[in-house]
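Q: Protein chains in written order, with my numbering: chain A, 1 to 307; chain B, 1 to 279.
Think of the hints as simulated: they come from the structure by calculation, not from any bench. Note that the structure is predicted; figures quoted are calculated from it, not measured. Yeah, the Cβ is synthetic: ideal placement off N, Cα and C, and Gly gets one too. Hints are supplied without guarantee of correctness; some may be wrong.
Said to hold, decoys possible - PhoX-like mimics (lysine-lysine), calculated; alpha carbons at most 25 Å apart, straight line:
1) B/K10 - A/K207
2) A/K97 - B/K160
3) A/K199 - A/K97
4) B/K8 - A/K194
5) A/K199 - B/K8
6) B/K10 - A/K199
7) A/K207 - B/K12
As the list claims (entries may be wrong) - To list a few chain B residues with every Cβ distance to chain A over 12 Å, as calculated:
8) S78
9) I131
10) A169
11) A172
12) G191
13) Y223
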Amino acid sequence: MSVDDVFKYFVGLISFLSVLTLFLMVLELFRYSLPVLSLKFIFGINWNPVAGSEEYGILPYILGTIVTSTIAMIVGVPISLGIAIYLSEMAPNFIRKTLSFVIELLAAVPSVIYGLWGLFIFRFWVKDFIEEPLSKYLGFLPIFEGEPFGLDILTAGLILAIMIIPTVSSVSREVLMAVPNSQREAVYSLGATKWEVIKVGVLSYAKSGLVGASILGLGRAVGETMAVTMVIGNAVGPSALPTSLFKAGQTMASLIANEFNEADPTTLHPNALIGVGLILFVLALTINLLAQVMVWRILKIKEGTVE
Amino acid sequence: MQRYWIRKLKDKMAYAFCLTCIVLAIVPLGSILFEVTKNGLPALNIDFFTKGPGAIGEPGGGIANSIQGTLILIGLTSLIGVPIGVLSGIYLAEFGNTQFGRIIRLTNNVLMQFPSIVIGIFAFLIVVLPIGSFSPLAGAIALAIIMVPIITRTTEESLKLVPNSIREASMALGIRRWRTIVSVVLVSAKGGVVTGIMLSIARIAGETAPLIMTILGSQWFFYGFTNPMDALTLRIWRLALLPYEYAHQTGWGAALVLIILVLSLNVIARFLTRSKYKV
Chain A
1 MSVDDVFKYF VGLISFLSVL TLFLMVLELF RYSLPVLSLK FIFGINWNPV AGSEEYGILP
61 YILGTIVTST IAMIVGVPIS LGIAIYLSEM APNFIRKTLS FVIELLAAVP SVIYGLWGLF
121 IFRFWVKDFI EEPLSKYLGF LPIFEGEPFG LDILTAGLIL AIMIIPTVSS VSREVLMAVP
181 NSQREAVYSL GATKWEVIKV GVLSYAKSGL VGASILGLGR AVGETMAVTM VIGNAVGPSA
241 LPTSLFKAGQ TMASLIANEF NEADPTTLHP NALIGVGLIL FVLALTINLL AQVMVWRILK
301 IKEGTVE
Chain B
1 MQRYWIRKLK DKMAYAFCLT CIVLAIVPLG SILFEVTKNG LPALNIDFFT KGPGAIGEPG
61 GGIANSIQGT LILIGLTSLI GVPIGVLSGI YLAEFGNTQF GRIIRLTNNV LMQFPSIVIG
121 IFAFLIVVLP IGSFSPLAGA IALAIIMVPI ITRTTEESLK LVPNSIREAS MALGIRRWRT
181 IVSVVLVSAK GGVVTGIMLS IARIAGETAP LIMTILGSQW FFYGFTNPMD ALTLRIWRLA
241 LLPYEYAHQT GWGAALVLII LVLSLNVIAR FLTRSKYKV
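Please construct the entire structure, taking both the sequences and the accompanying hints into account.
A: Right, here's the structure in full:
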């Protein structure tokens, strides 16, 4: 074996560490959460870490994660697509560069600072401008039940929406820019307006990539911890069930952040929290793999075409 | 076919919608930068940068221990993460056109978007439990798992930008492949590699969740590898949840320090790439 081969296998081995990490992670999470894993763990709603009367059911937190991420997607994805369309199809060159940079800064802000801002500033925006009108006019609907307070599921969902915008919009922009120009020219030649070109020629062509970009955003929303922990109100047990958007809730990630250091190692409490981590792991892995495959497919087309 | 003016109107509405979206995204960023500066500036003074926090509930004291902790974490993490990231990037760029390479690339992409709190639990299980105490090392390992995929990706991309003629020229001189990669290709691409390293440092400096179960946070300066340590992000979180006005102000001050660190790393990194490769 030559020196070159040694080098090749050495760097190959190093790069294999990432696969090993992922593999070890699932193994370890599974090993420690085994004592609590059961159907009752996933579908139970009670949460009681007191030794002697221990009970661990995580359904409210699974639903909390689903509801907050759904809000984030409903609000964040259209905004991100609008930004991506503007940046790739409408903006003049110098505006495109500056704006892309600004949006990327949004991604660089640490999540604990989003949380701080959410806790002291954004929360009042949500309460005054969104929740109070909703509660006044649509308060009879069960999902808008309760006193608007600002530290609740809706605020958590909206802050997640802000946080997924950079991810979704920058990947979507890449996808849109990968659409070959012949697509646009064909529609222009039929006498279409710009919007028609975008709708018929670009968006329909890039659909799967855009879905992939959105799913990538979903992955971020599902795993986001700090900002959510600071604004969601941190309810525990049956009261954490997300029956109204104006209620304090809890997501899987925020539950782990809140309770991990207080868990008594002689009880099953740490194991239950690690179990929540395992569910989060499986969820994030599925979402990310799906997104990667969908984004890849469309970006690959770019490499194949000659422009 | 619809009337022309309706089609034109739709076109204008689409344009207006997109502009609204831009505004909606910029408002939070503007507000965050404004509030952090407004509330954080009054907290800054000499004590703030030289002292650790006082007793809980007592005003005064600073965040020097948290700044120290964050710097130690950045150092330790880079020590672990940079070599692994750069070498993995070399593999993917130079030999990675195989099934094995594709699997590595996919894994890295998945890890890059992975919930950091799960990575924190993992570091807790493999480091904190065996050694029996919270440790800066556990924090660094968790952060390195976040750092490596970022560096791997940027290293791979910048090595691929190096034209093949440079590799061929070097090998035509009889220089071995590995030496060519290390001394010629890597050196030509160093701007991009350094950019990736800076971006990854900015990312890990802002991480909080994985630190909760690895370094725990503490009142004191660093005192050994088997003891808890503080970090800026953890300090901001704890201060924000305290019911005291002074604590909130210190929290905003710490946020200002953190955001300046993170954003300047980002801005410098982008500037480096822009001048070199015209992205």
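Q: Each hint needs a verdict: does it hold in this structure or not?
A: Structure-based check of all given hints:
{"no.": "1", "hint": "B/K10 - A/K207", "verdict": "holds (21 Å)"}
{"no.": "2", "hint": "A/K97 - B/K160", "verdict": "holds (23 Å)"}
{"no.": "3", "hint": "A/K199 - A/K97", "verdict": "holds (24 Å)"}
{"no.": "4", "hint": "B/K8 - A/K194", "verdict": "holds (9 Å)"}
{"no.": "5", "hint": "A/K199 - B/K8", "verdict": "holds (14 Å)"}
{"no.": "6", "hint": "B/K10 - A/K199", "verdict": "holds (11 Å)"}
{"no.": "7", "hint": "A/K207 - B/K12", "verdict": "holds (23 Å)"}
{"no.": "8", "hint": "S78", "verdict": "holds (16 Å)"}
{"no.": "9", "hint": "I131", "verdict": "holds (15 Å)"}
{"no.": "10", "hint": "A169", "verdict": "holds (17 Å)"}
{"no.": "11", "hint": "A172", "verdict": "holds (16 Å)"}
{"no.": "12", "hint": "G191", "verdict": "holds (18 Å)"}
{"no.": "13", "hint": "Y223", "verdict": "holds (19 Å)"}
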